[in-house]
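With chain A's structure known, arrange chain B on it following the hints.
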Amino acid sequence: MLFTEVVSPVLAVNPVTWARSQMAFTLAAHIILVPLGVSWAFFTLLANYRAIRHQDEAALALAQRWSKYMAVTFAVGAVTGTVLSFEFGLLWPRFMGRWGGAFGVPFAFEGLFFFTEAIFVAIYIYGWRRLKPWTHFWTGVPIVIAGVFGSISVIAANAWMNDPSGFTLNSSGQVVKVDPMGVIFNRAMPLQAAHMVVAAYIVGGFLIASVYAMGMLRGRNDRYHRLGFLIPFTVAAIATPIQMAVGDSLTRWIYTNQPIKFAAIELVPQTRSDVPETLLGHLNANGTVSGGIGIPGMASWLSDPKTGTATVVQGLNTVPVDDEPTIVQINTVHLSWDIMIGLGTLLFLLSVWYGLYWAIRRDMPRSRWFLRIAAASGILSILTMEAGWVVTEVGRQPWIVYNYMKVEDAATGNTGVWITFVAVVLLYIGVGVTTILVMRGMSRRFRQDGGFDEHDTPYGPAEPLAPAPTPDHRDDQPVAVP
Amino acid sequence: MSTAVAVILFVGVTAYALFGGADFGAGFWDLVAGGAVRGERPRAVIDHSIGPVWEANHVWLIFCFVVLWTSFPEAFASITLTLFVPLTIAAFGIVLRGSSFAFRKAVLRTRDRRNFGAAFAVSSVIVPFCMGAVAGAIATGRVPAGGEAGDPVHSWINPTSLLGGVLAVVVVAYLSAVYLVWDARRADDVAMVEYFRRRAVVAAVVAGAVALAGIFILRADAPFLYHGLTTRALPLVIASALCGVASLVLLIRGAHRYARILSIGAVASVVLAWGVAQWPYVIPETMKVSTTAAPSGTLEAILVAFGCAVVLVLPALGLLYTLDQRSLLPGEGAETG
Numbered sequence: 001m002l003f004t005e006v007v008s009p010v011l012a013v014n015p016v017t018w019a020r021s022q023m024a025f026t027l028a029a030h031i032i033l034v035p036l037g038v039s040w041a042f043f044t045l046l047a048n049y050r051a052i053r054h055q056d057e058a059a060l061a062l063a064q065r066w067s068k069y070m071a072v073t074f075a076v077g078a079v080t081g082t083v084l085s086f087e088f089g090l091l092w093p094r095f096m097g098r099w100g101g102a103f104g105v106p107f108a109f110e111g112l113f114f115f116t117e118a119i120f121v122a123i124y125i126y127g128w129r130r131l132k133p134w135t136h137f138w139t140g141v142p143i144v145i146a147g148v149f150g151s152i153s154v155i156a157a158n159a160w161m162n163d164p165s166g167f168t169l170n171s172s173g174q175v176v177k178v179d180p181m182g183v184i185f186n187r188a189m190p191l192q193a194a195h196m197v198v199a200a201y202i203v204g205g206f207l208i209a210s211v212y213a214m215g216m217l218r219g220r221n222d223r224y225h226r227l228g229f230l231i232p233f234t235v236a237a238i239a240t241p242i243q244m245a246v247g248d249s250l251t252r253w254i255y256t257n258q259p260i261k262f263a264a265i266e267l268v269p270q271t272r273s274d275v276p277e278t279l280l281g282h283l284n285a286n287g288t289v290s291g292g293i294g295i296p297g298m299a300s301w302l303s304d305p306k307t308g309t310a311t312v313v314q315g316l317n318t319v320p321v322d323d324e325p326t327i328v329q330i331n332t333v334h335l336s337w338d339i340m341i342g343l344g345t346l347l348f349l350l351s352v353w354y355g356l357y358w359a360i361r362r363d364m365p366r367s368r369w370f371l372r373i374a375a376a377s378g379i380l381s382i383l384t385m386e387a388g389w390v391v392t393e394v395g396r397q398p399w400i401v402y403n404y405m406k407v408e409d410a411a412t413g414n415t416g417v418w419i420t421f422v423a424v425v426l427l428y429i430g431v432g433v434t435t436i437l438v439m440r441g442m443s444r445r446f447r448q449d450g451g452f453d454e455h456d457t458p459y460g461p462a463e464p465l466a467p468a469p470t471p472d473h474r475d476d477q478p479v480a481v482p
Numbered sequence: 001m002s003t004a005v006a007v008i009l010f011v012g013v014t015a016y017a018l019f020g021g022a023d024f025g026a027g028f029w030d031l032v033a034g035g036a037v038r039g040e041r042p043r044a045v046i047d048h049s050i051g052p053v054w055e056a057n058h059v060w061l062i063f064c065f066v067v068l069w070t071s072f073p074e075a076f077a078s079i080t081l082t083l084f085v086p087l088t089i090a091a092f093g094i095v096l097r098g099s100s101f102a103f104r105k106a107v108l109r110t111r112d113r114r115n116f117g118a119a120f121a122v123s124s125v126i127v128p129f130c131m132g133a134v135a136g137a138i139a140t141g142r143v144p145a146g147g148e149a150g151d152p153v154h155s156w157i158n159p160t161s162l163l164g165g166v167l168a169v170v171v172v173a174y175l176s177a178v179y180l181v182w183d184a185r186r187a188d189d190v191a192m193v194e195y196f197r198r199r200a201v202v203a204a205v206v207a208g209a210v211a212l213a214g215i216f217i218l219r220a221d222a223p224f225l226y227h228g229l230t231t232r233a234l235p236l237v238i239a240s241a242l243c244g245v246a247s248l249v250l251l252i253r254g255a256h257r258y259a260r261i262l263s264i265g266a267v268a269s270v271v272l273a274w275g276v277a278q279w280p281y282v283i284p285e286t287m288k289v290s291t292t293a294a295p296s297g298t299l300e301a302i303l304v305a306f307g308c309a310v311v312l313v314l315p316a317l318g319l320l321y322t323l324d325q326r327s328l329l330p331g332e333g334a335e336t337g
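Chains A and B are the protein sequences, given in the same order. No gaps in the numbering here: position 79 of the first sequence is 79 in the numbering used here, and each next residue is one more. No gaps in the numbering here: position 18 of the second sequence is 18 in the numbering used here, and each next residue is one more.
Chain A with its partners taken away, still in its complex shape (with noise of 0.2 Å):
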């Protein structure tokens, strides 16, 4: 009785607001891993190539230690990933009762291709110094195709929420007929994961430069520091203008298959041509648009250059009222688009920068300016993925399914979200700092060691057992002490 008149009423909260917030946090915090596992497997077989073709002990050195914070990065992104899972079940019952015939068939793939990734970390790690250098840089291939193949699989299943096809429906609206194909290769699919799979390069490549950058700003300027930085920094930096073309593409593929998504990005409250590209500025309940810069005519010349500032652009005023997303919602597509944009350019910027200069002087820049650019453009990089996210899921409400399900109908009717998702973030904060901690410590044993040991490190292979104790072991002894 205890239970039901006095805990219930203070554990009841409205779940749906709950749910959104505990799932829009955990992914935000997954998304970070994400890149880190798709994309540092590359960087580290091109130093490891570079190390075996030209004898280069810097590439070793940093082929070996990339290896085994990847397996660290890869062991948490794993667990955070494993939440997501839950969480489908956990926040969004209705949704998976309803669609998981068909949402779920991606992750049935990702799933085969996330095992392998494991595995071949494993083997990767464990071949050092126990396969040829050849043979063991091969095992290195199949984690780099597994991560990028994962990576598709996780987004077809985000893209069919865009744009849902490859079901039947009857009359009550029951999934009655799936074709998995038609799941899988949604029309949204193909630019939303090259766009995924390109962020991840350039974020995993800004975000482990960044920290040789870091360390080229404290005199670190070893030859294993350049190469730290050269290797992911030139991979970002080219992937970055393929980033652009790609996001070009995608833009226009929302403009004509999810309009409002698109009025709120460009922040079009009225239907009509000639529409300004509005930098920030925000949209008010009354339905005008105050604030911010404009460039006349901009955003419907980017729609579509054949018919420039003629284009037509839909206005956010098409939407039935009842599907309308909330004004804060317009307004944070907006926002997020902004920082997306602006922060890509920024790192577009760069980038050219690093490409000019290493044209005319066969060189990185050595200015400190660009090492401290250099520096934030892991931080700045992550932030850009993450508008951008938030541009795609924020720009779908409020639809769970774009135009078959809302999110509202999708929560558990579980009172006791809030008290899931205060622990999450407690949780996630706790293992974000070990992570970071843990990563340092391993930074500072390699620089003070130097060596490679591969049995401290998740995945590694097992230590072999010390032999049996003898009586008189002290309890600071390292290693061997669990």
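In short, the hints are calculated from the structure, not lab data. Since we're looking at a predicted model, the values are computed, not measured. Heads up, none of these hints are tricks.
Dumping the calculated BS3-like pairs for lysine-lysine here, alpha-carbon to alpha-carbon at most 30 Å:
no., chain 1, residue 1, chain 2, residue 2
1, A, Lys406, B, Lys288
2, A, Lys406, A, Lys177
3, B, Lys288, A, Lys177
Chain B in isolation, oriented as in the chain A frame:
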């Protein structure tokens, strides 16, 4: 086709019980190994037994989830709506365990290792208990049909769920102790062989006692499941009992090799017996496998993915295990080879 997918689902559940279970069990023995000094040696053996693909064992859980939510989406919705609390606790336990796994090997200070070790050990006990409770709730039909929420409290706090939870903890401890005997033997550590052998015997006896008590609990609390276990699934129940008793006898007499296989047999057959006993239902007496299954397109996709896994992942996994079993560097000695 729905039958094939249901079988695959149960293969996944069994694999999770065997591989994931042994890992959870190792966490249990870590937890009860005593203080830092007394528990040092057992913990070293436990640590050592944690192989390179260790956390990959837990991919089986994801596997079960994916098969369940694609192939039986309504059942999945009912389960997650009703069993919100135990599943949430299990999820937290898995985060703690998984991140301890990520960090423990990467830190060298004893104090840090012990903290991560504690998080690891405690969650190793909580997770199987919750999973067992969830199984109990499903098996007794306390999860309603049609994507509806059942009683959030009594669905998993009831005699059968309690039995399921306790049995899960005891069984994984038993399984793991038997494996650890094997690992200690490979390391030629006589004291630890004896240490884990004694614990395996105790765990086997306790598991047997809990299972016996379970018969009476199920008869009173879960008539449908009880009926299934005493008819359709009876051969499996008997097989499990025989394997259990035989492994106990071998453990007492010190013949470890067959004890290991028999313990696997005992656990696998008891999990399969659950599946057979509640056939043809996903959730007994309300949701049938054949009628709640997703459209055939989905099921085909699952079968294809499973086929790919058998062709691609299993050989890779085999390669890793092989590499791990042979193969040491000259400096690393031969004791684990």
